[in-house]
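**Q** Listed below, chain by chain, are the residues.
2 protein chains.
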Amino acid sequence: MRVAKFGGTSVANAEQIRKVASIIAENEERKFVVVSAPGKREATDTKVTDLLIQLADAVLEKGHVENALRAVVSRYEEIALDLNLSADIIETIKEDLQARVAFDTSHEGKFIDQMKASGEDNNAKLIAAYFQSTGIEAQYVNPKEAGLLVSDEPGNAQVLPESYDHLFQLRERPGVIVFPGFFGYSKEGTLVTFPRGGSDITGSILAAGVKADLYENFTDVDSVFAANPKIVENPVNIKKMTYREMRELSYAGFSVFHDEALMPAFRQSIPVCIKNTNNPEARGTMIMAERACVLNPVIGIASDSEFCTLYVRKYLMHREIGFGRKLLQIIEEEGISYEHIPSGIDDTSVILKQCQLDGEKEDRIITRIREELDVDDVYVERDFSMIMMVGEGMHNTIGLSARATSALANADVNIEMINQGSSEVSLVFGIRQEDEEKAVRALYEEFFGAADDSIE
Amino acid sequence: MRVAKFGGTSVANAEQIRKVASIIAENEERKFVVVSAPGKREATDTKVTDLLIQLADAVLEKGHVENALRAVVSRYEEIALDLNLSADIIETIKEDLQARVAFDTSHEGKFIDQMKASGEDNNAKLIAAYFQSTGIEAQYVNPKEAGLLVSDEPGNAQVLPESYDHLFQLRERPGVIVFPGFFGYSKEGTLVTFPRGGSDITGSILAAGVKADLYENFTDVDSVFAANPKIVENPVNIKKMTYREMRELSYAGFSVFHDEALMPAFRQSIPVCIKNTNNPEARGTMIMAERACVLNPVIGIASDSEFCTLYVRKYLMHREIGFGRKLLQIIEEEGISYEHIPSGIDDTSVILKQCQLDGEKEDRIITRIREELDVDDVYVERDFSMIMMVGEGMHNTIGLSARATSALANADVNIEMINQGSSEVSLVFGIRQEDEEKAVRALYEEFFGAADDSIE
Numbered sequence: 001m002r003v004a005k006f007g008g009t010s011v012a013n014a015e016q017i018r019k020v021a022s023i024i025a026e027n028e029e030r031k032f033v034v035v036s037a038p039g040k041r042e043a044t045d046t047k048v049t050d051l052l053i054q055l056a057d058a059v060l061e062k063g064h065v066e067n068a069l070r071a072v073v074s075r076y077e078e079i080a081l082d083l084n085l086s087a088d089i090i091e092t093i094k095e096d097l098q099a100r101v102a103f104d105t106s107h108e109g110k111f112i113d114q115m116k117a118s119g120e121d122n123n124a125k126l127i128a129a130y131f132q133s134t135g136i137e138a139q140y141v142n143p144k145e146a147g148l149l150v151s152d153e154p155g156n157a158q159v160l161p162e163s164y165d166h167l168f169q170l171r172e173r174p175g176v177i178v179f180p181g182f183f184g185y186s187k188e189g190t191l192v193t194f195p196r197g198g199s200d201i202t203g204s205i206l207a208a209g210v211k212a213d214l215y216e217n218f219t220d221v222d223s224v225f226a227a228n229p230k231i232v233e234n235p236v237n238i239k240k241m242t243y244r245e246m247r248e249l250s251y252a253g254f255s256v257f258h259d260e261a262l263m264p265a266f267r268q269s270i271p272v273c274i275k276n277t278n279n280p281e282a283r284g285t286m287i288m289a290e291r292a293c294v295l296n297p298v299i300g301i302a303s304d305s306e307f308c309t310l311y312v313r314k315y316l317m318h319r320e321i322g323f324g325r326k327l328l329q330i331i332e333e334e335g336i337s338y339e340h341i342p343s344g345i346d347d348t349s350v351i352l353k354q355c356q357l358d359g360e361k362e363d364r365i366i367t368r369i370r371e372e373l374d375v376d377d378v379y380v381e382r383d384f385s386m387i388m389m390v391g392e393g394m395h396n397t398i399g400l401s402a403r404a405t406s407a408l409a410n411a412d413v414n415i416e417m418i419n420q421g422s423s424e425v426s427l428v429f430g431i432r433q434e435d436e437e438k439a440v441r442a443l444y445e446e447f448f449g450a451a452d453d454s455i456e
Numbered sequence: 001m002r003v004a005k006f007g008g009t010s011v012a013n014a015e016q017i018r019k020v021a022s023i024i025a026e027n028e029e030r031k032f033v034v035v036s037a038p039g040k041r042e043a044t045d046t047k048v049t050d051l052l053i054q055l056a057d058a059v060l061e062k063g064h065v066e067n068a069l070r071a072v073v074s075r076y077e078e079i080a081l082d083l084n085l086s087a088d089i090i091e092t093i094k095e096d097l098q099a100r101v102a103f104d105t106s107h108e109g110k111f112i113d114q115m116k117a118s119g120e121d122n123n124a125k126l127i128a129a130y131f132q133s134t135g136i137e138a139q140y141v142n143p144k145e146a147g148l149l150v151s152d153e154p155g156n157a158q159v160l161p162e163s164y165d166h167l168f169q170l171r172e173r174p175g176v177i178v179f180p181g182f183f184g185y186s187k188e189g190t191l192v193t194f195p196r197g198g199s200d201i202t203g204s205i206l207a208a209g210v211k212a213d214l215y216e217n218f219t220d221v222d223s224v225f226a227a228n229p230k231i232v233e234n235p236v237n238i239k240k241m242t243y244r245e246m247r248e249l250s251y252a253g254f255s256v257f258h259d260e261a262l263m264p265a266f267r268q269s270i271p272v273c274i275k276n277t278n279n280p281e282a283r284g285t286m287i288m289a290e291r292a293c294v295l296n297p298v299i300g301i302a303s304d305s306e307f308c309t310l311y312v313r314k315y316l317m318h319r320e321i322g323f324g325r326k327l328l329q330i331i332e333e334e335g336i337s338y339e340h341i342p343s344g345i346d347d348t349s350v351i352l353k354q355c356q357l358d359g360e361k362e363d364r365i366i367t368r369i370r371e372e373l374d375v376d377d378v379y380v381e382r383d384f385s386m387i388m389m390v391g392e393g394m395h396n397t398i399g400l401s402a403r404a405t406s407a408l409a410n411a412d413v414n415i416e417m418i419n420q421g422s423s424e425v426s427l428v429f430g431i432r433q434e435d436e437e438k439a440v441r442a443l444y445e446e447f448f449g450a451a452d453d454s455i456e
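Same order as they appear, the protein sequences are chains A and B. According to full-length UniProt numbering, the first sequence is numbered sequentially starting from 1. According to full-length UniProt numbering, the second sequence is numbered sequentially starting from 1.
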């Protein structure tokens, strides 16, 4: 039994939805279908979710509600006509939207959640209707009725544990279940949306609830790449990766998906497969608990920019028990989170995302460190990038850091920081931001240059 | 004007003291001479300081005081006879020791300080007498009379700032000043000894006080070596190094001298020269504020063993503001100091000297971390060594870490940790303890293999 989730571009128009239907029809294991709202049909298009936000604004600001409403409905209308669906479904959707527009606006967050979530909800109804019209036994299921309970935090819902047992019951229902992504309901019965990656989260929760054998995540790429295609030309596809690798890569700016979205599935050790709606034959990328580290100890290279270094020097620092703790205390009190803390004997650096330090906060922190910790020197340096090499096979691979540092040296990249020693699956280099692309390409060439178009 | 300090082996017997006299006679810039107590004459010999501790014990435990006293006096006697000095000096020393033996023993620490310090004090008197007998205009000066004031902490005296002005007055005195190392006097007038490296500290304070042009530290080696001679065969001599390099090297188990002993001189930017009493022509090693980083970016390779890693893993650790601080807080509350904190995304390691963790403390810390920080995993791994490469030229030397990691890889050494990024003059590798010598040799070969017998 599988859960198949389809992203916005996979359900953006009739043509895409036909592909979805054939993917479902092709394998009866695909009993659960989670759908997003219709996404962009081409680069300049507007997602339905954005149209809905405009509609919500129009209602709140007493603007042209009618026009905004029509803009949303017409997107569904176009799809329905193109799929030769009866007018009923559009009526259903129109009535649903009118009901939501009339919804109590006293709590803005809840109102906006209501509006936004309709994108997935109505698309699920439409797709269920289309499935039926093609002869697939299918039914739309609403998260409330299914018992997907979440915490009452508009835009940041967290699933409640009892949901899983409720969802397990869905296995008993006949035919294909079409389930809207992105939202659940609080115990009080109000609709609440998930944070970033909402439909991925729904699919992941559903997969865990129904104890699926596989969670298929359909997007518009054939697989996860070993490096950012914007930096490296035609990077190799990753066939298999582990959850840990996935997590470390998504953390360092890898845009596969939001790294926490898959946790419910991971916790149940349900394998996840990234597949392409437009090329379902492509093998895709399998994400699982373990993999054999054959060919390549490194599975991916990620990078992220705009880090700064807070440098602190104090004579005999290393003899002063509590110095590091006091330093982190100040940083914590300023509400700042840090990435790494490389240390010397009389100095230590704290590396953090520089967006956290506006001029005023920077001045305050530097003053506090100078006065409270009585240091000899303290300053901030900006514009560093972190390059992260990830791979289960990396730990205990003799010579790996030698290969990486040599590749960077040959590319004339100066290494400002190296962090190796805690995570078993990653190695992090701090470099000057202007060297980022050069560095990623050099490391890619070193570790994937020889590889064919895909790696295990 | 120079301060010349002579260590224990440099004043162990008449022959050595003759060398000292000719070194002083040879250059009139050498106005200030700081002497230690007579050290070992050969490997199996006992230092006078140790004889004095035996004497102090004999007094405190009502043992054979006479024998112990005779053992000390005879060492001076032998030297005096061999130097053809009149009997007066031995009388002076004998009376001095008898006075000290009769000293109030109610405060044991102060009593022992009195006894120990006599080793340097009487040797200074003897050497001054010998200088005079050879025609050198010389006088013994007692630290009390010179105004070398220190804090009243037996065995751990800290110099008081006013001392420097007092010592500056010594410049006015005629001839050579022979000054005993190792001790000063509290404001109350009691004798207090310095911590480890006591005579080096005295020389350093005197150099700062008299504003010397150079502080010559005479030992029994031609210079500082680039690596530990016990590990590397005939390591190259270091001709010039900076204070920072000196500090980082002494920290990582480099046995040149106690890294804080030279601070008073360093603070006044007085260059320090390590020279060999037995080969004064040898150029020695100059330690100064700055050096030109010619030939070699790396100046030395040090290593230290018996470190352990406290590993902590917690899902979403990197999102939890304050986690690192709470972890260090626990370590601080257990009175433990750490060396490095490499970090992953969901894990962090704290590297520390394992002697700090007896089984009981280890269990308590692990329990506290598990319970108070609610982590997914926490454990301690032991028997790591830290290899430290030091050199002012290292920072911004592209390819340096590549050379180092490659050398380790070729020696089949797995790198468990790399810490680079804060100190500009050092790069630290964590490796398995059993690989320590292999690693040091490999790095030495890579960075000094081509060098001739000495480096700038």
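Keep in mind that the hints were calculated from the coordinates and are not lab data. Incorrect hints may appear among the rest.
[What the hints assert, rightly or not] To give an idea of the chain B side of the interface with chain A (calculated C-beta under 8 Å), a few residues:
| id | residue |
| --- | --- |
| 1 | Q132 |
| 2 | S133 |
| 3 | T134 |
| 4 | I136 |
| 5 | Q139 |
| 6 | I321 |
| 7 | I341 |
| 8 | P342 |
| 9 | I345 |
| 10 | S349 |
| 11 | E372 |
| 12 | L373 |
| 13 | T405 |
| 14 | S406 |
| 15 | I415 |
Virtual Cβ for every residue (Gly too), placed ideally from N, Cα, C.
**Q** Please go over all the hints and tell whether each is borne out by the structure.
**A** Hint check:
The criterion of a C-beta within 8 Å of any C-beta in chain A is not met by Q132(B), whose closest approach is roughly 41 Å, and the hint is violated. For S133(B), the shortest C-beta to C-beta distance to chain A is roughly 44 Å, which exceeds 8 Å, and the interface hint is violated. Restraint check, T134(B) versus chain A: the minimum CB separation of about 42 Å is more than 8 Å; hint violated. Residue-level restraint check for I136(B) is violated (minimum Cβ-Cβ distance to chain A is 39 Å; threshold 8 Å).
Restraint check, Q139(B) versus chain A: the minimum CB separation of about 36 Å is more than 8 Å; hint violated. Checking I321(B) against chain A by beta carbon gives a least distance of about 5 Å; that is within 8 Å, so the hint holds. Because the smallest distance between the Cβ of I341(B) and any Cβ of chain A comes to about 5 Å, under 8 Å, the interface hint for this residue holds. Interface restraint check: P342(B) against chain A, minimum CB-CB distance 3 Å, threshold 8 Å, status holds.
Here the hint on I345(B) is kept, as its CB sits about 5 Å from the closest CB of chain A, short of 8 Å. The interface hint given for S349(B) is met, as the beta carbon of that residue sits about 4 Å from the closest beta carbon of chain A, less than 8 Å. The interface hint given for E372(B) is broken, as the beta carbon of that residue sits about 14 Å from the closest beta carbon of chain A, more than 8 Å. Given hint, L373(B) at the interface with chain A, is violated; its Cβ is 14 Å from that chain's nearest Cβ, farther than 8 Å.
Here the hint on T405(B) is kept, as its CB sits about 4 Å from the closest CB of chain A, short of 8 Å. The interface hint given for S406(B) holds, since its Cβ lies 4 Å from the closest Cβ of chain A, which is under the 8 Å cut-off. A distance limit of 8 Å between C-beta atoms decides the matter here; for I415(B) the minimum to chain A is near 6 Å, and the interface restraint holds.
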